[in-house]
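Engineer: Which chain is which? The protein sequence lines are A and B, in order.
Going left to right, the first sequence walks through residues 1 to 295 as this note's numbering numbers them.
Going left to right, the second sequence walks through residues 1 to 431 as this note's numbering numbers them.
For the record, the hints were derived by calculation from the structure and aren't laboratory data.
A quick note: this is a predicted structure, and the numbers were derived from the prediction, not measured.
Be a bit skeptical, because a hint or two may be false.
Calculated pairs, BS3-like style, for lysine-lysine (alpha carbon to alpha carbon, straight line, at most 30 Å) [said to hold, decoys possible]:
id: 1; chain 1: A; residue 1: K143; chain 2: A; residue 2: K110
id: 2; chain 1: A; residue 1: K136; chain 2: B; residue 2: K5
id: 3; chain 1: B; residue 1: K5; chain 2: A; residue 2: K137
Selected chain B positions facing chain A (Cβ under 10 Å, derived; list incomplete) [unchecked claim]:
id: 4; residue: I6
id: 5; residue: S9
id: 6; residue: A11
id: 7; residue: T12
id: 8; residue: A13
id: 9; residue: A16
id: 10; residue: N135
id: 11; residue: D198
id: 12; residue: L228
id: 13; residue: D291
id: 14; residue: S295
id: 15; residue: D299
id: 16; residue: T315
id: 17; residue: D384
id: 18; residue: P389
All C-beta atoms, glycine included, are put in the ideal place defined by N, C-alpha and C.
So you can see what is in the structure, the chains are spelled out below.
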Amino acid sequence: MEEERPITLNYRQESGEFSASFQAMAGPCEVLVQCDRKEEAFRVAKVAAHEAWRLEIKYSRYRDDNLIYQIHQNRPVSVDEETARLLNFAAAAYDLSAGDFDITSGILRKLWNFSGNGEAPSRAAIKALLPFIDWKKVSWDGKTIQVPVGMQIDFGGFGKEYAVDQALALCHEMSDAPILVNFGGDLAANRKPRSRPQWQIGIQGAPANFALEEGAIATSGDANRFIMHRGKKLSHILNPRTGWPVSQAPCSVSVGMPKCLQAGLIATLAILQGKKAEGFLETQEVTHWVERSPA
Amino acid sequence: MKNQKIIASLATASMAVFGAGEANAQLGKSDLLDTDFKGSLLYYTETDRVSAIEAIIDGSYFLNNRDTIGFRLTFDSLTGASANGAVPTDRAQTFTRPSGNGDYTTAANETPLDDTFLDTRYALALNWNRKWDGNWQSTIGAAFSNEYDYQSLSVSSLVSYQTDDRNRTYSGGLSFFSDTISPVGGLPTSFGLMGNPDEIQQRMGDEDEKIVIDALFGLTQVIDSRSLVQFSYSASSSDGYLNDPYKFISVVGADGRPVGQDPATGLSQVVFENRPDSRLKQSFFVKYKRDLFDSHVFDSSYRFMTDDWGINSHTLDFKYKWRLNDVSYLQPHLRIYQQNDADFFTPFFTQGNVPAAGSGSYASPDYRLGEMMAYTVGLEYGRDNVERPWSIALEYYLQGLGDRDGTFGELRNQDLSEDVSAFMVRFNMDF
Chain A
1 MEEERPITLN YRQESGEFSA SFQAMAGPCE VLVQCDRKEE AFRVAKVAAH
51 EAWRLEIKYS RYRDDNLIYQ IHQNRPVSVD EETARLLNFA AAAYDLSAGD
101 FDITSGILRK LWNFSGNGEA PSRAAIKALL PFIDWKKVSW DGKTIQVPVG
151 MQIDFGGFGK EYAVDQALAL CHEMSDAPIL VNFGGDLAAN RKPRSRPQWQ
201 IGIQGAPANF ALEEGAIATS GDANRFIMHR GKKLSHILNP RTGWPVSQAP
251 CSVSVGMPKC LQAGLIATLA ILQGKKAEGF LETQEVTHWV ERSPA
Chain B
1 MKNQKIIASL ATASMAVFGA GEANAQLGKS DLLDTDFKGS LLYYTETDRV
51 SAIEAIIDGS YFLNNRDTIG FRLTFDSLTG ASANGAVPTD RAQTFTRPSG
101 NGDYTTAANE TPLDDTFLDT RYALALNWNR KWDGNWQSTI GAAFSNEYDY
151 QSLSVSSLVS YQTDDRNRTY SGGLSFFSDT ISPVGGLPTS FGLMGNPDEI
201 QQRMGDEDEK IVIDALFGLT QVIDSRSLVQ FSYSASSSDG YLNDPYKFIS
251 VVGADGRPVG QDPATGLSQV VFENRPDSRL KQSFFVKYKR DLFDSHVFDS
301 SYRFMTDDWG INSHTLDFKY KWRLNDVSYL QPHLRIYQQN DADFFTPFFT
351 QGNVPAAGSG SYASPDYRLG EMMAYTVGLE YGRDNVERPW SIALEYYLQG
401 LGDRDGTFGE LRNQDLSEDV SAFMVRFNMD F
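Just chain B, same shape as in the assembly (with noise of 0.2 Å):
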């Protein structure tokens, strides 16, 4: 053979190799048209206390190679009893239900609970994303959920840009938020007096309403080809009803009892919580994320929260994904949480101090606004098959709370910060 040119004839030759095309018959184009659906099943359950069952259906849309349209459904179940804010002591105390008709007994020596904790929630959420020229995405969304007592409707907005190199992202986002509380019985006068059962109870209407907005500012830097950070800002302000309608606070006497308040009845004297009426919360987090020897990740993240009602967090979340082969692996999980008490925070009132009813002060006897420590350790197995990925993650979860200051009497002997334990099963799975 001679050297000659022979790339023109080569290419005409060649061209004609690709006629029509072999049919693919088993996959067409139509596939990729397609729907992802997503489920998760969650089993909660603490020590004698609430038990939940979550369940989430995740679908999404792809209607073309920008637009997703997403939608999320929940459901959530409570049983169980969850702590009123009263404190225990060394006898049997009554409390009236809610509803204000009826009434139950917590035993001598226990954390006094409301065992009437029964609720269904539902919720659908709403989005559609959208991929636009020039590497920014936004995503609009509508959420509405729905239970006994509690409505939220929300809107919310994101929008993401990504630099050329794809080794930043920016993310901005805004969200609103308004909630209808409607408790069982009404709305509670704040520090009004706990009634007898079957008596008209003290009410300051039937319900009242919540205005949120969140507003976040985020980055996500690639370090290098294995790590990456991410930083992100968040601020919620939250104006209108944020009390527990159903949490109490115990007047307690010179021996550290509750003060009975009611012979007949055996009722304690308790008054309801009251807070201020807006909220302003600001995050900031950072987490790093990292592969290691090819397959391992290791995701650590920090979280520091305040408020303007005196609490400050820290939370600490560590995973390690160990991939045993292609398809599965196991994740180790920690998480550390650490809160200090709200300025408002009260685990009991002592006889001639309690505020007037619907006075303007405030108090809250909710653990959730004191100081606490919280420890989840959990494991994860998953398969990561591309077809049909599963996962299984059981953890557990402890809290314990803060001593409270200034007990004496019978306090000194009740433990007025009662560890929390639970377990956690879920489960999730793509169809």
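Just chain A, same shape as in the assembly (with noise of 0.2 Å):
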């Protein structure tokens, strides 16, 4: 059994609406519900806590009692049900995107630092692990997968929006509140709050706040996520086909759609378009915001 982590309950009075905070995937996570009693907002916080931290302990890749652990140990591994449609899930996005979105690409992360003082690995040791990235070695057919020795795979790049979706579906099965999900930056709310006719929400990038009345949004990259390398702040986003970041990438892109999931995809997606993602955000037809570092 985890150690139980704290929710803490605050009420806003000029809002109507009970804020509730909690630590889960390795950051601060909220959870508001307008509903005019402590106990319905607790539990419904609740709800959104234990699904975050039981998605945070079946799917980390720093464990050694779950099912990652195991998959990493190379041999066939029969996977539930949710995690099969997961896997589906990273499938199709490798697909859609011609590979430039592979959950096998997280090992790259053993070289960068990105915490800003971090150098640039050497490029040796990236030729070295790019054999050791591509979906399509590993074999996945709906119900097992077997993952080759060295490769891993990694549901970092959608892990958290599934859980923010996940989260507010459960809440909303348990009250008829407007609720709004944020799991450190990525949210989605399930109705319009009834004390203003939208969500407020401020973005990276965005000139004001932006006015959500349902649905979801997913922000991809992070101003403060870079690596200098030659006098140029490179973006935190690696593609995975060089190993290296994604050059001429925005900071960061914020894309507002009914899902957290498919949000967090089509932004990080426009990253990896470097110099494009804008065009590829227009093409796309959704709502977005784009910041790029000064030049």
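Join the two chains, each given in its own frame, into one complex according to the hints.
Structural biologist: Here it is, written out as structure tokens:
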């Protein structure tokens, strides 16, 4: 049994909502519930927190007691239904992006340190890892997965977004109140708030608050995570085919779509387009914001 | 990857992810259709006077998203002594007990207290709250309470409306009380002389009634994200028996001492009080509440009350919720209350000026109708973690009564307005 982590609940008088905060998936999480009873708000928040913690444990790459660990033992592993759905989604994302989005690319993170003062790894080190990155080399038949030796899979590319959608769905099942789930900047709302026409969301790179009635917003990229290389700031989004950060990539891209999972994938794919990110987003006809660092 | 439109395919792929959904085994929807219970326990003790224990249980049943049924069960137990209205003097005084059977004696230079003050009260209140479409809410309720000499039945209603931006709430309410008073020993005749113990007392019946109608109008306005202000006006109209049947007035002789009535028993001459049979109270209330430093709360209020008995009162109340950490706080409390004498407040009669028994004039020695200044200082410590909040509060109350006018002789040597102090401990818990 995992240690119970705290959930802090506050009431915001001016908006008539409860705000619950807790830590999950290496960051601050918040659930806003617009109801009159704190007990209801707390139970809703608890459902969201438990879902976040459940997914964090289930799909963490840093544990030795979960499914991901078993898969990384390179033997065939028959997976549960939820994992199967996520692997199918990963396969679809790989196909849709013609290999730009690849859940086997996580091993590159061993080399790159994006804390702002790290250095770029050597070309040789990167080149040595590239043979271990390609979803096509993974055997996946819809029920059983086998990862070749030296390779890994990582749901980090959409895990948090999936958790937001899942948590919101569970919360919505429990309460008719307007609810907004925000896991470290990836967020989704079930309906418009009762106190005002929209939820006001602050977005990196957006000139004003974004007004969200319902649906989701996900952000890829982080202006605070980069690496300096030969006087240039490199994005922390890596191109799985080169092993290098995407060149001329925006600092961050935010996308609004019905599901957080969708928004997150489109935002990541946009960054992978580098300087063509804006064009890609225009083509998708989705609400979006792009932040680029001044040249 | 080419710049192609992938949204439709992505939508299809992502929808497949949200299949049946993972069952969240520990927490079910039924958890929300629940009940809330709160309990409160109060111990109150006045120095040398009344002690009280009060236990309250509040329950709420949330039937659905709109309807809540609530109940409150109250149990009170009072013991100790209470001022009977007579003045102290430099010799012992004897008074017949309210029942007419037996007597009690107050020592020289002591405020006369009726030490048979003992009562147990049970009360049950039920209410139904409903949230309607368009920001309306209504509550209707009924309550019943019973003690040895007092029964009360009431119905109440409250309607509130909140504007769309939730910044303003209007509320209006109406309550109706029907009370029955059946004092121990019957209803004393107004200005009737207290009879000797174990003799027939002057009475004007066994019980009487009182009808109270309360009306309230309130307005709550959010000023900004950190503060709100609340105004309310209330009127309360009482009709019927408004006397305190256990309060009587000393008849004082030329030397400023209560006139002895019967040398054989030592009984002092006292006559029972009489108040008007109607009272209209009006209250104006304003509250200002503000969040400070993200987590502290300052709460201040002022109430002005005026009635047609000539009493005006002012109440100032301040609380400061000092947050120690996420789940605990300290809350100091200060309350200041001031009122003036009612028109007919009469701490004593001089011999020869006592209205005839049964007369329609008014007089009462009840200190609660006289000039007073009262202070409450308190400190509350609370844990407001969500699952099981509790708090404990300790309060000290000091009541100073105004100097009594027109004293002479021995009355001047006596403290006619003895201070009363009290301690209160209250424990609240959700369970």
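Engineer: Provide an ascending list of the numbers of those earlier hints which the structure does not satisfy.
Structural biologist: Numbers 11, 15 and 16 - these are the hints that the structure violates, sorted from lowest upward.
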